[in-house]
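Enquirer: Using the hints, position chain B against chain A.
Here the protein sequences come in this chain order: A and B. Heads up: the first sequence at position 7 corresponds to 7 in our numbering, and the numbers run straight through without jumps. Heads up: the second sequence at position 11 corresponds to 11 in our numbering, and the numbers run straight through without jumps.
It should be emphasised that the hints constitute simulated quantities derived from the structure, not laboratory data. Values in this document were obtained by computation on a predicted structure and should not be read as measured data. Built from N, CA and C at the ideal position, the CB exists for glycine as well.
List of simulated lysine to aspartate or glutamate pairs, EDC-like, C-alpha gap at most 20 Å:
id, chain 1, residue 1, chain 2, residue 2
1, B, Lys52, B, Glu21
2, A, Lys95, B, Glu110
3, B, Lys92, A, Asp102
4, B, Lys52, A, Asp71
Some chain B residues flagged as far from chain A (calculated, every beta-carbon gap over 10 Å):
id, residue
5, Glu11
6, Ser18
7, Ala35
8, Leu47
9, Arg49
10, Thr51
11, Ala124
12, Asn127
13, Glu128
14, Arg129
Read off the chains here:
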Amino acid sequence: MNPDPKAAFRTLDELRQLAVDRVGEQSLRIVANAAEMGTESLRNFMGGGPISVKSRNSLARWLRETQRHADERAASCVGMILEVTSEVPEHWRMKAVQRVLDALRNVFQMPGIPAAQPLWLVQVLQALEAEDDTAATEAFTDSD
Amino acid sequence: MAKRAPEVTAEDLERFRSALESEIQRTTLRAVARAVRMSSTGLQKFLNRQTKPYGRTLARVRGWYYARAGVHRTPPELIAAELRRYVVTTPKPNRSVGTILDAVEAAYHEAGMFAPEWVGSVRAIVNERATLGK
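Next comes chain A alone, as it looks inside the complex (with noise of 0.2 Å):
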């Protein structure tokens, strides 16, 4: 059975929002042929503009894709930058995590990329911030 691609989307703002977001982090174009959608229907309905039934459903089942596919690879990414800086000792483990994520951000901010980082490096970014949160309460609560 195919998921209704509408439930996944709760408002056609949100809807919206997510389309301006994916656009900033790759491209009108890109955005348009994964959502076969044209770039003149997509850009109006970016700025307001109604959107077809059919091309709802595509950019919505695209998003989706988009959002699950950006959630593995965020969980591999936090994986892979925990593990390199393994054998660091744990006093200077935190720093170590932010040197290797702040490498991976910067390589986005090469010239030629489009400015909005992809959605997978934010995860990565929320993630790691979470983990150093309850690595700081867990310190905090120890010292206790």
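Expert: Here is chain B on its own, set in the frame of chain A:
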């Protein structure tokens, strides 16, 4: 819609299986399944190649692998390929991998340590590819 490259390759799965099998030989299937947070049956099916893990299960297997076996037992060619996969959309992927390796090396130096041996091996592979224009 263009099909995306899978986040886990057949080689990755074989590495995971091999590490899991070694650990099971050392302990028990049940103990390893508990460590991975899978059912014993699910783990056995994965080892027998009856199933391919996806989503949460894949994340658990991968998490276990990174925590228990990891990059130090991984051939440098595969580490280079893994790092390259994250930066393949940048204009110069080999240079991007080099930037990540610089950061790893600096992190160890900052802690007063030499960088692990694999860093140099991976760098040599990446530099060679960059020279060959791959």
